[in-house]
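So the sequence lines, in the order shown, correspond to chains F and S. Using the working numbering, the letters of the first sequence map in sequence onto residues 1 to 251. Using the working numbering, the letters of the second sequence map in sequence onto residues 1 to 249.
Just to be clear, a hint being listed does not mean it is correct.
[Unchecked claim] Going by beta-carbon spacing under 8 angstroms, a handful of chain S positions derived as facing chain F:
#, residue
1, G11
2, F14
3, L53
4, F77
5, N89
6, F235
[To be verified] Computed Cβ-Cβ distance ranges for the label pairs, DEER-style:
#, chain 1, residue 1, chain 2, residue 2, range
7, F, L56, S, T122, 48 to 58 angstroms
8, F, E152, S, E173, 27 to 37 angstroms
9, S, S133, F, L38, 54 to 64 angstroms
10, F, W242, S, A113, 29 to 39 angstroms
11, F, A23, S, G134, 44 to 54 angstroms
12, S, D108, F, V99, 25 to 35 angstroms
13, F, P79, S, G134, 48 to 58 angstroms
[Claimed, not checked] Beyond 12 angstroms from chain F on every Cβ pair, some chain S residues (computed):
#, residue
14, V78
15, L96
16, D101
Derived from the structure by calculation, the hints contain no laboratory data. Please read all numbers here as calculations on a predicted model, not as lab measurements. Even for Gly, the Cβ is constructed at its ideal location relative to N, Cα and C.
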Amino acid sequence: MTRALFNRDTAISVGFFLLLGLAWEYGVRWSGVQAYLLPPPSAILAELWRSRGPILAQSLVTMTEVFWGFIIAVVLGVPIAALIYFSRTAKRTVYPLFVALQSIPKIGLAPLIVVWFGYGLTSKLIMAFLFAFFPIIISTLGGLASTPAHLEEHFRALRATPLQTFWRLRLPAALPSFLDGCKVAMPLAVIGAVVGEFVGSKDGLGNLILTASGSGHTTLTFAALFAVTVLSLLLFYGVAYWERFIWWRAA
Amino acid sequence: MSAEISITGVGKAFDGRKVLEGVTADIHAAEFVSVLGPSGCGKSTLLRLIAGLIPFEEGAILVNGEVVTAPSAAMGFVFQTSNLLPWLNVRDNLLLGINLDAGAQRLDEAALAELVETLGLTGFEASYPHQLSGGMRHRVAIGQALARNPQILLMDEPFGALDALTRDRLNMELLRLWQRDRKTVVLVTHSISEAVLLSDRVLVMSERPGTIIEDVRIDLPRPRDPSVTREDPAFGDYVVRLSKLMGVA
Ligand SMILES: Nc1ncnc2c1ncn2[C@@H]1O[C@H](COP(=O)(O)OP(=O)(O)OP(=O)(O)O)[C@@H](O)[C@H]1O
Ligand SMILES: [Mg+2]
Chain F
1 MTRALFNRDT AISVGFFLLL GLAWEYGVRW SGVQAYLLPP PSAILAELWR
51 SRGPILAQSL VTMTEVFWGF IIAVVLGVPI AALIYFSRTA KRTVYPLFVA
101 LQSIPKIGLA PLIVVWFGYG LTSKLIMAFL FAFFPIIIST LGGLASTPAH
151 LEEHFRALRA TPLQTFWRLR LPAALPSFLD GCKVAMPLAV IGAVVGEFVG
201 SKDGLGNLIL TASGSGHTTL TFAALFAVTV LSLLLFYGVA YWERFIWWRA
251 A
Chain S
1 MSAEISITGV GKAFDGRKVL EGVTADIHAA EFVSVLGPSG CGKSTLLRLI
51 AGLIPFEEGA ILVNGEVVTA PSAAMGFVFQ TSNLLPWLNV RDNLLLGINL
101 DAGAQRLDEA ALAELVETLG LTGFEASYPH QLSGGMRHRV AIGQALARNP
151 QILLMDEPFG ALDALTRDRL NMELLRLWQR DRKTVVLVTH SISEAVLLSD
201 RVLVMSERPG TIIEDVRIDL PRPRDPSVTR EDPAFGDYVV RLSKLMGVA
């Protein structure tokens, strides 16, 4: 792992982003764009350092919302997907219901949810949940359906019970697809939480972005945006980490 | 002697296309029977019917005097494509059948080690299927069926993907096991010489819709050994006769 940090691919990535940063920095300086419109990266980095206290605190708030919203999406999404997969009735009732719900623009729901659940954690958690829920259901469904037919037949020949077939075959076979769904759902959950914070909140990174830009503090806005991106990346790789437990997928 | 597996007038169609027609055969206890036939003639299908994996329209199949309706613990199946679970290591794949069946007899460590040894998989107990060669995967699949110690072993081209050398070695092992445990074996194969080498009887099937066109008894002395038995002039005669039936010669 330590060696991988210094390999050619990493060097190319780092070089690319350094170049991008430099272009931004000098582009802003030479073109004379005002800092309140587009601050140079050096100013944003300085702002990140100066406001590290509040930014960290607000990041923690947003992360908590995203984390619980995502967990609830998984805890509810997987059994619901299993229900849709196994029950013809659920496939004709629950499934179209969720597809219809998914088609409602969730941003439009945000004000309602704030009205219903207040300015605190709950409404943001629900927003994160709403954004993450659908990809998790769809990917779990796809995973369950992708169980190879010859393995199902094999389990029948071994006289496995339906429950055994579920736990020992369908569920593990669904894991790769499920994890892909989680990787899509996690950044969406971050967007959901930030949208919730935009619409009505006392704190969180979305709130920070809103107040900073409202008071013309563009550099802090960028710093907060940067923090959202880093948070999203961290959470994404936190999910991707679990891929090592489905090592067989590559084979 | 009453037949252990009794197949009478069996017919099967997929989507209106006849695959098997009027298949009749008796297979006795402890008999080693091979099924030869052109690709697509319904050999795998016939084996699935015997195993109770798919329903059929015509005729009847009795195993131990009872109509087959569902898979039974008396039969072990080795499929044409190896069916290992990628997330289980060799050991757990071997034990899968036993672990899924609460009533199955457990395999103690010594017996497991012996099975692994027989399969030539010693040292690979903790490896996962993607770390094995194709032939090794086939051996694990065969071991999985053997581990449950079924009375009847149904094998669908279990050595199909193996090189001649490994095939000979596994044939020997199979012969040794069969001579020791006296299981009933139904083996589907494409190899005429393999069928002659191993079997008491060879059933030859026609093109689709498959039916049994010849039931050849192989009267070669046992115990057999690939290197010795192949030298027997009678062996060559059987191979020639079966090749003619198959339209290869
Ligand atoms: N599940 C299925 N649905 C529809 N058709 C099938 C199905 N299984 C087999 N068939 C058809 O039945 C015929 C016989 O198939 P089967 O697999 O039994 O052949 P086989 O003799 O084992 O051939 P091979 O030697 O190539 O393995 C083929 O024409 C195949 O297309
Ligand atoms: Mg076949």
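Hints violated by the structure (listed by number, smallest first): 1, 2, 5, 6, 12, 13, 14, 15 and 16
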